[in-house]
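For reference, the chains in residue letters:
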Amino acid sequence: MTAVELLQFARGPALWASVAVLLAGSLWRIAGIVRLGAKPDLSEPRSTRLFAGAMRGIFARMVPRVEFRLRKKLGFWNGYVYHVGLAVIVFGYLPHIHFVKRLTGIGWPALPEPVFFVSVGLTFVSLFIALMERLSDPVRRLLSGFDDYFSWCVVVLPLATGMIAIQQSDPMPLAIHLLSVELLFVWLPFGKLAHAFLVFASRGVTGAALARKGAPL
Amino acid sequence: MTERARSVLEAAKAPDARRAALEFVAQAGRDAAFQLEACVHCGQCADACHFHLVTGDPRHTPIYKLWPMLKAYQREAAPFASVKKAFGLAPPEVTAEELHEWSELLYDSCNLCGRCTLACPMGIDIASLVRRAREGMAAGGFAPADLYKAAARSLDTGSPIGVRWPALKRQIELQEQETGLHVPVDAEGAEYMVVLSSIEIMGFPEAIGALARIFRQAGATWTIPSAGFEATNVGVQMGSRDVAAELLSRIVAAAERLKVKCVISPECGHAYSALRWEGPNLLGRRYDFEVVQIAELLDRFVREGRLRLRGMDARRLTFHDPCQLVRRGGLTEAPRRLMHGVSANQVKMPASGAASYCCGGGGGVSAIHRAEGLRFAAFEIKKQEIEATGAEAVVTACANCRNVLEEAIEHYGMTMPVLGLTELVAQYLDNDGR
Chain A
1 MTAVELLQFA RGPALWASVA VLLAGSLWRI AGIVRLGAKP DLSEPRSTRL FAGAMRGIFA
61 RMVPRVEFRL RKKLGFWNGY VYHVGLAVIV FGYLPHIHFV KRLTGIGWPA LPEPVFFVSV
121 GLTFVSLFIA LMERLSDPVR RLLSGFDDYF SWCVVVLPLA TGMIAIQQSD PMPLAIHLLS
181 VELLFVWLPF GKLAHAFLVF ASRGVTGAAL ARKGAPL
Chain B
1 MTERARSVLE AAKAPDARRA ALEFVAQAGR DAAFQLEACV HCGQCADACH FHLVTGDPRH
61 TPIYKLWPML KAYQREAAPF ASVKKAFGLA PPEVTAEELH EWSELLYDSC NLCGRCTLAC
121 PMGIDIASLV RRAREGMAAG GFAPADLYKA AARSLDTGSP IGVRWPALKR QIELQEQETG
181 LHVPVDAEGA EYMVVLSSIE IMGFPEAIGA LARIFRQAGA TWTIPSAGFE ATNVGVQMGS
241 RDVAAELLSR IVAAAERLKV KCVISPECGH AYSALRWEGP NLLGRRYDFE VVQIAELLDR
301 FVREGRLRLR GMDARRLTFH DPCQLVRRGG LTEAPRRLMH GVSANQVKMP ASGAASYCCG
361 GGGGVSAIHR AEGLRFAAFE IKKQEIEATG AEAVVTACAN CRNVLEEAIE HYGMTMPVLG
421 LTELVAQYLD NDGR
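Residue numbers (the numbering used here), protein chains in the order written: chain A, 1 to 217; chain B, 1 to 434.
Simulated from the structure, these hints should not be mistaken for laboratory data.
Be aware that a few hints might be false.
Cut-off 30 Å, straight-line C-alpha distance, at most; resulting in silico cross-link-like pairs (DSBU-like, lysine-lysine) [unchecked claim]: (1) B:169 to B:149; (2) A:39 to B:169; (3) B:71 to A:39; (4) A:39 to B:85; (5) B:259 to A:39.
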């Protein structure tokens, strides 16, 4: 297979197959949890504004309560850096926007290139700090398993291959970059990266339950 | 129901990991599963847990305490469980050795205080998951022996420490003599039925006299039932819904027999959780009466003008928030308003209110003898919090917290009284003694 053929494969069948796995896997995971069912809560609620509680749970937990803002812990703030950084890279870089527009017809203005390059640098450093913390902190080391480390690799790979592919005319680096993104799509529904959608359910459920009791969130 | 409750106690005689695993899976319903699946292993819950903070032991990380339940869920019920099993990728079955090890993690080093729940960035209600995991542990026979014994005493006598009606009757008579007020027993049609915890009955019986003074001034009819008076629910602490339901059914039967409008949950955090929030779900039906915690009722009476307060305690006082009332029960403001009404010199602990630290004895830990050393160690944080206030006395609204605080204060050689909020309010009633 030539580099051009590999790029065509990555842009064509591999892309659509990975998107299909991403969507089907995510739906399967959500449906598999929903099918477990929930019993109605028969206790007299202190508040019936459960949807508002769920929404509050989803948004309020984006920022920790003041009592838990552990300023001395680098890893604590580091989480914000790579999440925001990844969002800037995925949604703010012009070639990415062109790629999405070509597939869906939806486009939006890109961020200036210097912002993108700074984000790539910060995100890279931030992800390596996250890995170092996971390996060195006794709590995180104890909690972590294959899923955590493999998920880290699957996130870092598109970053690394993307940096190599920038401003290159050779189709091979771009093909590898696309394939690494497709690996991420395929893995996302099955591992820890699924927190991208599970976080909303988890926070929402707790937000509603605490709102029901009138308890602090 | 009684037979089912007693059958749980048989589990302790022959621990069975498979039985525990089945119950773990049964407890992982939709909402619990969303939370079990959402954890990203960030470890932030560790920094919220007083047990981890004092021991530094990573095994005391709250989410790690759920490992056996998570394993059982992932093996049997998670969305891709069957596929993983087919390819040999599912986690192995939980073993009896694991569950014996986790007994210490799920019971001795967890107060179900919910501080971790408040800290989790993924919004995982870890405390409620631990409560669910305990169902598996208790069903499998892996709960601490002390809790099985307390459950057996509760089923036999009504009380985890064996307090029967004659003992309560005697305490009521002594309080009637002391206050000169009548304490109504089994008064049908009363507005309020008060239930009590054994710790209150035997350790702080003056609470009964305080209630008599409060209800007299409020002009409300009330009663204490001679059967079904015990509010403590060891079933909730050990994690047996059958034991919990049986104990709750006795209170509900008393309330229905006496046709009361409202049952007053006493100064006991987990009793409030059991009666107010878990009760209807455990019994499978809604109550015909309202459940109100005593601090909530006093606050209501004060705001309605039915209780008038006179004078204030001039000592430097600090309020210890019972986790099950404040953080888990939604009663943050009521005790604070009451404190403002009776304390002229109140000072807050550094972590006060929603994120306050547990006394270390909640969630049944104070009843587990083998956990005593760890409990006193965990109190180190609360000790620092109390000392930071320079308070002369601690006030709380939970008899178990009060008992645990008194023991720990003595253990650490501190000299400081621990007061009950209800008694403090009764002490500053206007026209008291009329």
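Against the structure, the hints:
With a CA separation close to 25 Å, the supplied pair residue 169 of chain B and residue 149 of chain B stays within the 30 Å bound. Distance restraint check for residue 39 of chain A and residue 169 of chain B: the Cα-Cα separation of roughly 40 Å exceeds the 30 Å cut-off, and the hinted pair is therefore not satisfied. Proposed proximity of residue 71 of chain B and residue 39 of chain A is supported: the alpha carbons are some 23 Å apart, at most 30 Å. With a C-alpha separation of about 28 Å, the suggested pairing of residue 39 of chain A with residue 85 of chain B holds against the 30 Å cut-off.
With a C-alpha separation of about 29 Å, the suggested pairing of residue 259 of chain B with residue 39 of chain A holds against the 30 Å cut-off.
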